[in-house]
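Novice: Spelled out, the chains give:
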Amino acid sequence: MATESKAPVSSVGPNYRPEQQKPTATISKEVPFENVHTLPQTPQLIALLTMIRDKNTERADFIFYSNRIIRLLVEEGLNHLPVVAHAIQTPVGRQYAGVQFQGKICGVSIMRAGEAMEEGLRNCCRSVRIGKILIQRDEETCMPKLFYDKLPEDIADRWCLLLDPMFATGGSAIMAVEVLKSRGVPENRILFLNLIASPEGIEKFATKFPQLRVVTAFIDQGLDEKNYIVPGLGDFGDRFYTM
Amino acid sequence: MSKALTVRPPSPYQPPWADVCIIGIAGSSGSGKSTLSHAIVSQLNLPWVVILSMDSFYKTLDEESSRKAFRNEYDFDSPSAIDFDVLVQRLRDLKAGRRAEIPIYSFAKHAREKETTSIYSPHVLILEGIFALYDQRVLELLDMKIFCEADADTCLSRRILRDVAERGRDIEGCIKQWFAFVKPNFEQYVEPQRKVADIIVPRGVENRVAITMVIQYIERKLIQKSQSHRAALKKLGQSSEDDPLSNKVELLKDTPQTRGMNTIIQNVSTSAEDFIFYFDRVATLLVEHAMNNVYFKEKIIETPIGNHYKGLAPLGETSAVIILRAGAAFETGLKRVLPDCRTGRVLIQSNVRTGEPELHYLKLPENIDTHDGVLLLDPQMRSGGAAVMAVQILLDHGVPEEKIVFVTYFAGRLGLNRLTKVFPGVKVVVCSIVADFEERWIEKRYFGC
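Residue numbers (the UniProt record's numbering), protein chains in the order written: chain A, 1 to 243; chain B, 1 to 449.
Careful, some of the hints might be misleading.
Anything over 10 angstroms on all C-beta distances counts as not near chain A; from chain B, calculated [said to hold, decoys possible]:
no.	residue
1	Ile223
2	Leu285
3	Tyr309
Distance condition first, Cα-Cα at most 27 angstroms in a straight line; then the derived DSS-like pairs of lysine-lysine [stated by the list, open to error]:
no.	chain 1	residue 1	chain 2	residue 2
4	B	Lys176	B	Lys109
5	B	Lys253	A	Lys104
6	B	Lys176	A	Lys22
7	A	Lys6	B	Lys297
8	A	Lys22	B	Lys109
9	A	Lys132	A	Lys208
10	A	Lys22	B	Lys299
11	A	Lys55	B	Lys299
These stretches of chain A come out as covered by chain B in the derived footprint (C-beta under 8 angstroms, 3 or more residues) [stated by the list, open to error]:
no.	stretch
12	23-31
13	70-81
14	145-152
Hint data in this document are derived by calculation from the structure and do not stem from the laboratory. Small disclaimer: the values here were computed from a predicted structure and weren't measured. Beta carbons are placed, not taken as given, at the ideal position from N, Cα and C, and that holds for glycine.
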């Protein structure tokens, strides 16, 4: 993956509008992995991301606009869960060949930033169970280290929505997946929901866990020498928790 | 009034308030014109019959005339005191179905107030004033001309009572005015209007036969208007069932989640709690989708760590207009996406007997014509009559077609094709397409009654 390649710029807007009437913006990088799903690059999504990336955005706005993107991510993520046919009758007596959600789910947030996504998840799935995993960088080895986890006991029977807004090197997300797998969750029942990812992290993750699905709003240009996502948005946790 | 209102090409849709039926009621001061008008309006008891008093069109007085007016020496009873030019312009606006700003005249200041009252969408307008049948240009706009008659002593006594009680004058001043202005003007200008009147009504409000006649005339006019409105709606944007949808119609992607939510929403045995939860969820998604149709500009921002990103920002403000009652079911979804969205409301109800959409109430955000996008919300669209009417209302208030996004949950192809054929610039975001004449049941489920 050519990290140094230019970020893709494209005109964005509804199909019926002529090209010259659409503004252009930097859109998400394309990646060649079937298990990575990027949200449609609509002008509204780009505008929301612009809001949360902007250093001049006020705290309340940062939280509000992040939550709007998270809701869209959750809605997209839930599409990857299985459904079964379920025919019903409507209040006006019409038949509808519908579907029913199948399987139990749970959220797992990677502390602390991942917890910011819990509200968005609960907005779509009321009373969903939420497990937590705390992973910190070890001061001595500079490697991610598992400090704490609290997960539903029957997690092996559930679909797991793993929550972490920023996905840079992928170190802690990889460790979190290992934790889930060690509790018996099959790889293909883990969905990783993420706001902004680096192409490096995505590549590492997608190759290491080919059956796990990633749903992200945006794949950025790359990482800088400090392993920050470029352009990114700064420290998500600090901004969301207004530190 | 904004310019946009006057340069817009005529819309193919003629709402029932276009070609408003105007009834002129003239007669001497104190002859019972205004009592008669009010009697007619209260007996009809319909929101689309409106009285316009010519008192609103008194000219603003210059300093000298104003001093005279305070001394009761200004001639308010001569045609020259009335601003016929403005009156004719406003009547023409109303006749064309547009909104008209009516001046407010202050008798205490002898000047127009800064504020105006707007009149929009009456089907019948009663123009009442001593010179309602005076100006040739006004006469050309009238559908019925009435002249009220009463004995001079009745008129004088009524006038004294009214002016003392309502306009802060004394008896002596009233009598002085009567002989100096009212009487000579009556003879010279008011009385000759009898000749152009269609009916002359003696004894004013006591004249039951005359009132009944006028009411019957108006009722007949209203029935005609309703019939031609329904016929026009039926013909409007007609399409065959398999006509392709316009590219301005965007359907929510058919994903397992939307199917699943639609199943819960449509299932007759879903609890009210679940219905509201899932409807709000879909409504949020619909509003998010609708927001892709507003306009954006490019914006380069700097992140907290000093990187730059070439992104987008909304060009301007997006407001919303809810088509009541059903549209209010979208409010939770709307506020999740745009919490501080200016939200106007229109109450359009289909007449139970005729099925004709009727406008009962209207309150739009001020300066809605300057907004960059206007979302029009109604969860169900059948034949599209209410949608077409609501779009027409926005156009009449200066919102360009291209800035309107109609958001709905259920729609029939007939309605979608009608709306996009009549107003090709309007965008539509819809969750699912159902049979054309599915009953409106979403609102009943959402509000529980």
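Novice: Please confirm whether Tyr309/B is truly not at the interface, meaning its C-beta sits more than 10 angstroms away from all C-beta atoms of chain A.
Specialist: violated, 4 angstroms
Novice: Check the hint pairing Lys132/A with Lys208/A against an upper bound of 27 angstroms on the C-alpha distance.
Specialist: holds, 22 angstroms
Novice: Has the stretch 23-31 of chain A got at least three residues whose CB is nearer than 8 angstroms to a CB belonging to chain B?
Specialist: holds (count 4)
Novice: Is the hinted pair Lys6/A and Lys297/B satisfied, with a Cα-Cα distance of at most 27 angstroms?
Specialist: holds, 22 angstroms
Novice: Hinted pair, alpha-carbon criterion (27 angstroms max): Lys22/A, Lys299/B. Please report holds or violated.
Specialist: Between Lys22/A and Lys299/B the Cα gap is close to 13 angstroms, so the pair holds against 27 angstroms.
Novice: Verify the coverage statement for the stretch 70-81 of chain A against chain B, using a C-beta to C-beta distance below 8 angstroms and requiring 3 or more qualifying residues.
Specialist: holds (count 6)
Novice: Check the non-interface label on Leu285/B: least C-beta distance to chain A beyond 10 angstroms or not.
Specialist: violated, 6 angstroms
Novice: Would the pair Lys176/B and Lys22/A pass a check requiring their Cα atoms to be no farther apart than 27 angstroms?
Specialist: violated, 71 angstroms
Novice: Keeping to a limit of 27 angstroms between CA atoms, is the pair of Lys253/B and Lys104/A held or broken?
Specialist: holds, 24 angstroms
Novice: Verify the proposed pairing of Lys22/A with Lys109/B, using a straight-line Cα cut of 27 angstroms.
Specialist: violated, 54 angstroms
Novice: Check the hint pairing Lys55/A with Lys299/B against an upper bound of 27 angstroms on the C-alpha distance.
Specialist: holds, 13 angstroms
Novice: For Ile223/B, is the shortest beta carbon distance to chain A beyond 10 angstroms?
Specialist: Holds, because the least Cβ-Cβ distance between Ile223/B and chain A comes to about 31 angstroms, which exceeds 10 angstroms.
Consistency with the previously given hints fails for numbers 2, 3, 6, 8, 14, ordered from lowest to highest.
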